[in-house]
Every structure is written in C-alpha cells, then in structure tokens.
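Required output: the full structure, derived from the provided sequences and hints.
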Amino acid sequence: MILRNAWYVAAWSHEVVENQPLGRMLCDEPIVLWRSAGRAVGLSDRCTHRGVPLSLGKIVDGVLQCGYHGVCFDAQGACVKIPGQGVPQSALPARAYPLVERHGFVWFWFGEAAYADPDLIADAHVADDPGWAAVGERILVEAAHELIIENLNNHSHVQYVHPQIGSAGMADAESHMQRIGDHVESKHWLLNCPAPPHFAKAGNFTGPVDRWFDTTFVPPSTVVLDLGCAVAGTGAPEGNRSEAIAFAQLHLMTPETATTTHYFWVYARNFALSDKAVTEQIRVTAQETFEEDRVILESQQRSLNRDPKAPLMNIAVDATSIVVTRVREEIAARPLRELTPAAR
Amino acid sequence: MILRNAWYVAAWSHEVVENQPLGRMLCDEPIVLWRSAGRAVGLSDRCTHRGVPLSLGKIVDGVLQCGYHGVCFDAQGACVKIPGQGVPQSALPARAYPLVERHGFVWFWFGEAAYADPDLIADAHVADDPGWAAVGERILVEAAHELIIENLNNHSHVQYVHPQIGSAGMADAESHMQRIGDHVESKHWLLNCPAPPHFAKAGNFTGPVDRWFDTTFVPPSTVVLDLGCAVAGTGAPEGNRSEAIAFAQLHLMTPETATTTHYFWVYARNFALSDKAVTEQIRVTAQETFEEDRVILESQQRSLNRDPKAPLMNIAVDATSIVVTRVREEIAARPLRELTPAAR
Amino acid sequence: MILRNAWYVAAWSHEVVENQPLGRMLCDEPIVLWRSAGRAVGLSDRCTHRGVPLSLGKIVDGVLQCGYHGVCFDAQGACVKIPGQGVPQSALPARAYPLVERHGFVWFWFGEAAYADPDLIADAHVADDPGWAAVGERILVEAAHELIIENLNNHSHVQYVHPQIGSAGMADAESHMQRIGDHVESKHWLLNCPAPPHFAKAGNFTGPVDRWFDTTFVPPSTVVLDLGCAVAGTGAPEGNRSEAIAFAQLHLMTPETATTTHYFWVYARNFALSDKAVTEQIRVTAQETFEEDRVILESQQRSLNRDPKAPLMNIAVDATSIVVTRVREEIAARPLRELTPAAR
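Listed in order, the protein sequences are those of chains V, U and F. Residues in the first sequence are numbered from 1 upward in steps of one, following our numbering. Residues in the second sequence are numbered from 1 upward in steps of one, following our numbering. Residues in the third sequence are numbered from 1 upward in steps of one, following our numbering.
In short, the hints are calculated from the structure, not lab data. One or more hints might be untrue.
Copies of the same chain are indistinguishable here, so a pair counts whether it falls within one copy or spans any two.
[What the hints assert, rightly or not] The calculated DSS-like cross-link candidates involving lysine-lysine, where the alpha carbons are at most 25 Å apart (straight line), are:
no., residue 1, residue 2
1, Lys187, Lys81
2, Lys58, Lys81
3, Lys201, Lys276
4, Lys187, Lys276
5, Lys187, Lys201
6, Lys81, Lys309
Structure, rendered in structure tokens:
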C-alpha cells in the first residue's frame, strides 16, 4: 500500500541538474525532474500529446520541450507551446508535483497538492548537519517498501543477517516501544557484550561494550536509526556518551512500484568527522549490509508473489513493525482534512 | 489493429533461400517461409501433429518435413507424408499463405486467400528500379506498427528527432493534404532555408535551399516519402528539379505482434547512382535516423502500455495521421466483397 | 497435469550435502533439502514467519535456522525455536515432505504423506547396480514434463531428431505395445540395418545389425529405455545378446513448474564397465542427444503456449504415448485409497 498524501524522496539534490531532465518511476508513476533557475521541479513524465516520456526532451528557454514534436510545458505543467499552431485554452497540462528541497534531498508530494504541507516532511537533518559526517547512496531494491520498513523495525534481523554489525542476543533484548503521534519508537540495549566487528574497528574498542539500537518510524516510509556503543559500564544507558561512538542512520524508502523500491540511505556519525578512512569503512560496511538485506528482501518478495495467501505468523520481535503497520493503515483511512504534521 | 485482408512484406527476397526454412512471427502468427524451385512459399509455422515449429525441419524432396516425427507438408500446406502410416484424408493441413514476390520483397496475404489480389500490393518499385540506387534493411522495433505509421505521417517530428535531416520551421510548414481513395498524401515546402547537414553533404549545397517533404500513406501499412532539396530559387516548387537532389523512401511496416514491428526500409536516390561513398553515407544516416526514432517509439509504446487510458490530445500537425487512422478504420469495417485495389 | 500422490526425484543423492540447505522448485512448490546425520530431509522452502526461503538459512544444532530472524524448524517441519520468545503451541510448522533415498536419488512424495509407500518408487536400480556402468546428469528443460514423457514414448522421433542414434525406418518399425497395470511397454525391432554411428563406435560394429528400442513408462513420470544392437542374424530378437551391446536408460522427469522440468537421466551399459573412453563417449553422445531434444521440446512448449487451442492430430506412432496419457489420467482420477504399487 502506497500512502498517497505524503512526501517521499524523489532524488538526491545532486541528481537533479540545471536544465537536464531526469526520468524516474516514483510511486508507480513516471515523473520527470529537472532544475530551473536553481529550483527543482517535477511533472508527469508523459507528454499529453502522444504519451512520449518528456524526460527524452530538453529544456528550451526554461520550459520542457518534448523530444518528439516539440510540445512545451512549464514548471507548473501548463502546455505553453505547440509547434505548428497556437496554444488553445483546452491544451492538456501535464500533472505537476509539489517539490521541496531539504537536507540534500528533493522531496515530492504524491497526493492532493492542496495538502502538501512541508512541515510533514520527515526530519533528515543529519544528512547535511555540520555536526555529523554523512555518507549515503540510492539503491534499487526489488522488494516492496513495506518489506524494508518491516525489516528495519525488527531489530532481531541484525543478529542473523548482518555479521559485521549484529550481536548475539539482540533478538532477546527487551524492546521499549512507544507510539508518539504517528511516530513509532523502539529502543534496545545490550550490556557488557563483545563489540561487533564494525563498531570495534570504528571505535577502537578492545573490551566489552554497552550497545544500543533505537529505531523511529516516521510516516510514510522513513526509519531513523540511532545506534552505537560505549565502553561497558561507562553509563551510556543513563545518557553518558562520552566513551561512546554513535551513528545516525536514515532509511528513506520511496516506492518505485508496488513491489520495488528506491532505497535512499544515509549513514552519519558524530565523531572523527574529517577522517576519510572512517568514512570509507562506513561506506563499505553500509554497502555490504544493504546487499545482505537485499538477498533476504528480494527472495522474500518473490516468495510472497508466488503464494500471496500462504499463512504466516507474528512473533514477539514483530511488536514494533505490527504497530508501524497499524499506523500506516490508520493514515490511509484518515480523511484528508485531518492531515497535519505528526505529533513531534 | 492489424488490418487482416491485406498484403504485408514477409521478408526481403534474399532472405528466403532455396530449400531453407525461415521461421518468422508475422501479424502475431508464426509463419515458415522457404523457396522451392525458385518460388517463395509460406505456411503456418506449426506442425499439425504436435505443434512443433516446422521451421526446425528441412526440405526433403521438395516438401517440408517436420524435424520431430517427419510429418511432411507441401507448398499448399497439404499433409503429404506421415511416417509409420499412410496419409488419411482427414490429415490436418497447415495453413498456407498467398505469397507474391515483387520489387525485391516477399509479400504475404494475411486474410482470406480468395481475396488476395496482387494489384493491392503497395508500389515499391524504387527498391529495384534501375533509375534509382537503393539501400535498405529490416529492423525490429518494439513498438506497434500504428505508432510508426503515425511517426511518418507527422512531418514535424523530423525537426525535433532528426538533427541530420530536420530543419527548423518544419512544424510550421503548411501541409497540403489530400485523400485519394485509400491513399493519403501530404506535401510540405520550406523555402530558402539552410540545407540540413545530410542533404548539404549529399548534394554539395553551400547556400540556402528550397526543401520538400512529401508523404503518401498506402494501406495497410506503407508510407512512401518523396524528399529532397534544390538550390533556393531555382524553381523546385514549380517542378524544376534540375538543381535538386531527390530521395524516395519506402517504409514498409509489418506487425510482428500487436506491439512490435518488422520495419523494412528502403532509401533510394536518383543521382550519383554508382557512387559508393554516397550509398554509404545514406546507409549510415538512415541507420542513425532509425535509431533516433526507435528511442522515441519504444519509450512511447512502454508509456502507452503502462497507462493505456491516460488522456491525450491532437494538435494541428496530426492532421494527416488522423486521416490515415480514419482510412485504416474504414478499411477494417469494410465488407470483404468491397476489397478492390486502391484508387491509384 | 502434475500427478499429486506420487514419488518424484528431488535430487541426486550427492547434491544433498550434510548440513547444507539446498533450495529447489519441485512440482511448482519451493522445497528446501538438506542432510542431517546422513538422512536427507525436505521442507517447504518458506519460513512460516515472514515467507523468506529457508534455504537462505543454515543448519544449527541439527535444525534449520531461518536466515532472517532465526526461527528454527526441525526435520519434521516443527517450529522448534523462536528467538526472543518461547515457542507457542500454535507456532506454524513448515510442511515436511516424505523422502526416500534409493539408487543414488533422493525421492520425495508430493501428495498426502499417509500414502507415501516407498514400494511405489520407480525401479532405478541400473543407476547404481554394479552390473552396470552408468553416467547421468540433471538438466533443466523449459518444457512440461508431459512433453518429455511423450517424446520418449514415441520411438519415431529418434529417426528425425537424433542422427547419432537414429536409424532410417524406425518410424515404420512395428510397435508391440502392452499395458501392464500402470506400466506401458512398447517394443520395436529393426533387422539387418546399418548400425547408427554411436552404436557402431561403442560396439565396434562394421556390418549390419539387428537393433531394438524398447520403452517402459512407469508412473508418474519415468521412462525406462532398453536399447541396443547385435550383429545381424545372431539371434538377438530371440533373446541371444551374446553378440550385442545393450544400454539401459532412465529418464526421470520431475516438474519444476507446470511448463519446466528437472530432467534426471541415466545412461547405463552392461559392457566395457571400466572403460573410461566408452563412458566419456556415452556422456558426450547423451549430452548432444538431450540438446537435440531440448531444441524441439522448448520450441514446442512456446508454440503450445502461444496458441493452446489450435487443433492437433494423432498419428500411428503416437499409439504408446496416447495410452500413457490415458494411464496418467486414470491415476489422477483414482481415489486415494486405491493407491497401491503398480502391477509389476
């Protein structure tokens, strides 16, 4: 289920280049993005004359000219030129999507334009906050965004899927889950455990650590992770992170189609900000980690496609993702007029 | 919509070789072609015994022997041998298609055999007329033949899609369109304009030219182009082509399926007939031009497949292709007994 | 039609390795196989928690642990561990398949477990009988197993499809066909004919031979071939094989899906048992032969897919395969309680 009245990431800001149309399937609709006098704009990627993708065209005098017969559309989608004739009042416009650029991303509003309140955009400040050093990419995953949301909201998979960042016992860690408005938080501690390899290397830990793994779901399709570890017994659970390293991860899932996803991720740290070796270690670990997830997620999607009605069971570690699913269903059923920024 | 009672090109004559079966999907039906004592013949490419393509078999004693169990069919499709038994009266024949060879092409009649009048075959004489030097090929385009017919009958696309042969202002050139029987002609002039690069090179034009671009649609699926240019002001619009170069293009579109097309093209000239460098220039330009069309057409087809009911609009430069579509619809609705050669 | 209450080959025994999950689509269902303390076991390859293939997991303490969240299943399919909680009574089991290992194959029962009588397994003893030297492989054919069964039960295709082992006149050889319970035998002799190339080489035949080609269909999906040749006139038809070479071929077809097949084959001989050159000649000939069949079968499948209702005809050489089809239909219609080992 693609939540309709919501902001999704369309692209990294650097992907949308001045006067260069970029075609991308988003929320099962073809959309063309470009930048005009610095401002990112987005239209339905389909000329209203003969259906050709407008992303095959070019920007001429600030408007998007179809590459087939030269019909032109402005940034609001109005048809402003039809070669060989004047432009009649009845000329079919292209649908324009509200776009906002924030924290290094171009966000687009998929639903009713009148409700496109930028305050509803998920907080992604760590992506470009000078207090954090961030790496990030976009990968295309052949699995539904719901499966990725579920993946991230079930902490126990880290233990089984990701040897570099998982810890034995994560599945048994107590979840402290809390719904706050439409956000769902879930916090986990593992005390006095071996540092997982990636953390040990990044933080030079040689002895046991206290590690935390906290998730926050933000509608429609974002999961923010706060994770890290501290030298065991130095008070991290009580809030002292002076002996800790911390990472903030953003997971921004935009449906490409109902069963494929543009997965934008950001992996930020608040230590060794200018150490390029650490940046590189994080990038490599992140890529390996996402490939581990990809194998699971794409196999799961194929399995569900093959037999969508086979019975499945919920287990204890699904508690958070079950609430997340319920929140998403509530939002889908909610009348448009009740669309307001989430509680926090 | 595939017009059923009509001649289509099945193959170049040189593709149909003595005693060598050639399987090809034509009009959404598998057909096997071969040449027997010089004559091209064609059957349904499906053995009536177990459905195996007959094109996997071989010609034995002048008949086509299935490669699986040796059942044989003659050029009329009669089952003439069943190994291991006699041939019963009830043996299922293979469907035979009326075939005519003309101007270097093998044409097949897709509909009721009784109406297969060779006079209905589109005029393609420039393909093998000694007064013309012709190059040609077959390409497979993943777009419906209707989209290619429309492409060719809208002159304005040349300006936007084909930099080597297009001219600024083509979209604004007046169309003189005329329906003559089931043919649709459309003529365009651009006076005193720069010669497009391909024409300038082929004709050694250094100054401005008068160029023409005339199209004729011939049912079911042929478009003939008469195009060229003359030194500006030398009377080409009045009929004097002494200072001109002229090209005749044949575009013969045979549906492979409802949404893919065997596109046979011929690019002929009536000057520098034996100049191989000109021939090569034309071939290269033609191939580049068709690849430019392919990108548009295949993207358009995918776009239409994705959302076949999205509204589209007609514009002024569609005038000819709208008439062409109407002619094709008339033909489709016409009773078989009214099938007669077109008015010219 | 996949006969449901029947034994099929799941894998060669050597493919199922101790503690290594092997995922394979069998009878249109995903199945995971592994070996535990020497015994081959098989479950539905789908975790009952979130649908992820269990074959992505690993064997831990003798049970299969899902690679996503660590849910574990034993060899009977019981869910025996759910990380993060105890295992409730209601935990969904994975379906377990009865498995029997015999003659170098792992066989699985696809239907009701209560009827999984190992006496119903087709006789494949030549695959590991010390009196025979056997080579064999598994190939994946993109054609329905029914088409392969039909292929093998129509002797005449050998003449047309397989130049190394076919003989002119095979289509005309008389078939002596006999149904014995659910088995269907068919015997053919060609007397005083040239030895086909593969036989001539394997048996050093320089003159004419008497050759036989006998098939036995064994439900659900096995065809056993007894084929060979003797110096002409040395009494082979009367049972004297002293001047003969004989091959036993097993063809064990397991549906992967309704239209694709795992084709397990065994090519055994009872002469020159330790001659590696003969083994290699047989392997190469067998591979070539199966590739010849593959071209036909996969083309036939595509042809039938395209037009499943086009009329086809039966001919004399189909006699055996028509009876085989009837037997399979009888078995499909038979009440489960009548499931008993076949008559011989």
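Each hint tested on the structure:
1. Lys187 / Lys81: For Lys187 and Lys81, the Cα distance is within 25 Å only across copies (24 Å; inside one copy 56 Å).
2. Lys58 / Lys81: within (14 Å within a copy, 59 Å between copies)
3. Lys201 / Lys276: within (14 Å within a copy, 55 Å between copies)
4. Lys187 / Lys276: Neither: 30 Å inside a copy, 65 Å across copies.
5. Lys187 / Lys201: within (24 Å within a copy, 73 Å between copies)
6. Lys81 / Lys309: between (51 Å within a copy, 24 Å between copies)
Going down the numbered hints, you'll see the structure goes against just number 4.
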